[in-house]
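Colleague: With chain A held as given, fit chain B with the ligands onto it using these hints.
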Amino acid sequence: MQQVFKKSSLLTDTPFHYCPGCTHGIAHRLTAEAIEELGGNQGVIGIAPVGCAVFAYNYFNCDIQQAAHGRAPAVATGIRRVCPDKIIFVYQGDGDLASIGMAETVHAAARGENITVIFINNAIYGMTGGQMAPTTLIGQKSTTSPAGRTAELQGSPIRVSEMLATLDGAAYIARVSLHDLKSVIAAKKAIKKAFDYQVAKKGFSMVEVLSTCPTNWGMSSEASMDYVKNEMTKVYPLGTFKEIGL
Amino acid sequence: MAKVEFKEALCKGCALCVIACPKKIISVSDRSNEKGYFVAEVNDNSLCTGCAACATMCPDVVIDVYR
Ligand SMILES: Cc1ncc(C[n+]2csc(CCOP(=O)(O)OP(=O)(O)O)c2C)c(N)n1
Ligand code: SF4
Ligand code: SF4
Ligand code: SF4
Chain A
1 MQQVFKKSSL LTDTPFHYCP GCTHGIAHRL TAEAIEELGG NQGVIGIAPV GCAVFAYNYF
61 NCDIQQAAHG RAPAVATGIR RVCPDKIIFV YQGDGDLASI GMAETVHAAA RGENITVIFI
121 NNAIYGMTGG QMAPTTLIGQ KSTTSPAGRT AELQGSPIRV SEMLATLDGA AYIARVSLHD
181 LKSVIAAKKA IKKAFDYQVA KKGFSMVEVL STCPTNWGMS SEASMDYVKN EMTKVYPLGT
241 FKEIGL
Chain B
247 MAKVEFKEAL CKGCALCVIA CPKKIISVSD RSNEKGYFVA EVNDNSLCTG CAACATMCPD
307 VVIDVYR
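So the protein sequences, as listed, match chains A and B. Mind the numbering: the first sequence is residues 1 to 246 in our numbering, read in order. Mind the numbering: the second sequence is residues 247 to 313 in our numbering, read in order.
Since the hints were made in silico from the structure, they are not lab data. Some hints here could point you the wrong way.
[As the list claims (entries may be wrong)] Below, simulated EDC-like cross-link-like pairs (lysine to aspartate or glutamate); rule was C-alpha separation at most 20 Å, straight line:
(1) B/K249 - B/E287
(2) A/K192 - A/E36
(3) A/K189 - A/E33
(4) A/K86 - A/E36
(5) A/K189 - A/E37
(6) B/K269 - A/E222
(7) A/K86 - B/D310
(8) A/K141 - B/E287
(9) A/K192 - A/E37
(10) B/K270 - A/D180
(11) B/K269 - A/D180
(12) B/K281 - A/D13
(13) A/K192 - A/E243
(14) B/K281 - B/E254
(15) A/K7 - A/E37
(16) A/K7 - B/E254
(17) B/K270 - B/E254
(18) A/K192 - A/D85
(19) A/K141 - A/D226
(20) A/K86 - A/E33
(21) B/K249 - B/E280
(22) B/K270 - A/D226
(23) A/K7 - B/D290
(24) A/K7 - A/D85
(25) B/K253 - A/D13
(26) A/K6 - B/E251
(27) B/K269 - B/E251
(28) A/K6 - B/D276
(29) B/K270 - A/E222
(30) A/K6 - B/E254
(31) A/K6 - A/E36
(32) A/K193 - A/D85
(33) A/K86 - A/E37
(34) B/K270 - B/D290
(35) A/K7 - B/E287
(36) A/K202 - A/D168
[Claimed, not checked] To give an idea of the interface, some chain B residues facing chain A are shown, with a C-beta separation under 7 Å as derived from the structure:
(37) M247
(38) C260
(39) A298
(40) A299
Just so you know, these numbers come straight off a predicted model, no measurement behind them. Each residue gets a CB set at the ideal place from its N, CA and C atoms; glycine is no exception.
Same shape as in the complex, but just chain A (with noise of 0.2 Å):
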């Protein structure tokens, strides 16, 4: 017998602190195998973000650079004008994303940054126990909109994968999910693609990958996947928004 699935050489041995359930873990392992395939972390460098993901350098065998809050995009340009064969890739929640960083987000893709980006939109923010973040849904509660969110008091949520597939310096941008075997699979086929988009030196990529928050939706980990499934899509539909071509 052959070993036919074992862990990515581009994860370490430390074992994840994500609350049970929760599909960071899945969009992490989809990361490093992408990278993998590529061929070896001799030349990969990552940027952590603030949020639940902060501890990504513990998990990655590769060069990480934790960013300050939504600041991840930029620390990549950064290192991308000094480094500019490297495979960088950022890891970013909601908040971190699509709140305090939107503006470093926006320009970033809008420069064409020749960098990746793996978007977990989980629709709240994890770490600091569930308020509302840009990307909860309508009716959806949260510590800040306890009675669900309307868009009469706090908007509507915002689809960055859409609104980021209008700027010319974007070469490829997918939404994603993670709810069941069939779109995990999708999700890993679009984060490699991504990433040849990065080696081929053609601009922005972006992956927004649709993942659960099982401790602060108050949700088992298998109604998660079906809230995933069942409500997130609707309002986030998966699909590839932008691909200018390799």
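Modeller: Relative to the frame of chain A, chain B with the ligands by itself:
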């Protein structure tokens, strides 16, 4: 011939592997690991096809698959 091995110390009992297995041979046991989580286990490895659906859905990379 196929089999799965669970690195139990890493398991958090989330049951995503249980839902993913098309052969329905995984369950969350009543044994807990050092972290205090009830760990998943495979009940009948002889029925395992080595499809790796369980490992693909496990957020904590607990499962090794052999075929
Ligand atoms: C400048 C600054 N403002 C606020 C915070 C508090 N803070 C930490 S994590 C976070 C949001 C995390 O949410 P998200 O980016 O969605 O990631 P998740 O934890 O859900 O993965 C906030 C507001 C901070 N650390 N620094
Ligand atoms: S708080 Fe939410 S996002 Fe953070 S590790 Fe727990 S489940 Fe995952
Ligand atoms: S999916 Fe992984 S962590 Fe969750 S119960 Fe199964 S083996 Fe344990
Ligand atoms: S490899 Fe496939 S058949 Fe075997 S336990 Fe995992 S999901 Fe079930």
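Colleague: Each of the hints needs a verdict: does it hold here or not?
Modeller: Status of each hint after checking the structure:
1. B/K249 - B/E287: holds (12 Å)
2. A/K192 - A/E36: Holds. A/K192 to A/E36 sits at ~10 Å (cutoff 20 Å).
3. A/K189 - A/E33: holds (10 Å)
4. A/K86 - A/E36: Holds: A/K86 and A/E36 sit about 14 Å apart, inside 20 Å.
5. A/K189 - A/E37: holds (11 Å)
6. B/K269 - A/E222: Holds, at about 18 Å.
7. A/K86 - B/D310: violated (31 Å)
8. A/K141 - B/E287: Not OK: A/K141 and B/E287 at ~34 Å, beyond 20 Å, violated.
9. A/K192 - A/E37: Roughly 8 Å between the alpha carbons, so the hint for A/K192 and A/E37 holds.
10. B/K270 - A/D180: Given that 20 Å is the threshold and the Cα spacing comes to 15 Å, the pair holds.
11. B/K269 - A/D180: The hint holds at about 16 Å.
12. B/K281 - A/D13: Satisfied, since the Cα-Cα distance of roughly 16 Å is no more than 20 Å.
13. A/K192 - A/E243: Given that 20 Å is the threshold and the Cα spacing comes to 13 Å, the pair holds.
14. B/K281 - B/E254: Within the cut-off at roughly 10 Å; holds.
15. A/K7 - A/E37: Holds, at about 13 Å.
16. A/K7 - B/E254: Holds: A/K7 and B/E254 sit about 15 Å apart, inside 20 Å.
17. B/K270 - B/E254: holds (19 Å)
18. A/K192 - A/D85: Holds. A/K192 to A/D85 sits at ~17 Å (cutoff 20 Å).
19. A/K141 - A/D226: Measuring from Cα to Cα gives roughly 17 Å; hence the hint holds.
20. A/K86 - A/E33: Status holds; Cα separation ~17 Å.
21. B/K249 - B/E280: violated (24 Å)
22. B/K270 - A/D226: holds (19 Å)
23. A/K7 - B/D290: Since the Cα atoms of A/K7 and B/D290 sit roughly 23 Å apart, the hinted pair is violated (cutoff 20 Å).
24. A/K7 - A/D85: Between A/K7 and A/D85 the Cα gap is close to 26 Å, so the pair fails against 20 Å, i.e. violated.
25. B/K253 - A/D13: Between B/K253 and A/D13 the Cα gap is close to 12 Å, so the pair holds against 20 Å.
26. A/K6 - B/E251: Within the cut-off at roughly 10 Å; holds.
27. B/K269 - B/E251: holds (16 Å)
28. A/K6 - B/D276: Violated - the C-alpha atoms of B/D276 and A/K6 are around 26 Å apart, more than 20 Å.
29. B/K270 - A/E222: Distance ~15 Å between B/K270 and A/E222 Cα, so the pair holds.
30. A/K6 - B/E254: holds (15 Å)
31. A/K6 - A/E36: holds (13 Å)
32. A/K193 - A/D85: holds (18 Å)
33. A/K86 - A/E37: holds (15 Å)
34. B/K270 - B/D290: holds (10 Å)
35. A/K7 - B/E287: holds (19 Å)
36. A/K202 - A/D168: holds (11 Å)
37. M247: With a closest approach of 6 Å, the B/M247 hint holds.
38. C260: holds (4 Å)
39. A298: It holds, given that the least Cβ distance between B/A298 and chain A is near 4 Å, below 7 Å.
40. A299: Nearest chain A Cβ about 5 Å off; hint holds.
Comparing the model with each earlier hint shows violations of hints 7, 8, 21, 23, 24, 28; every other hint is respected.
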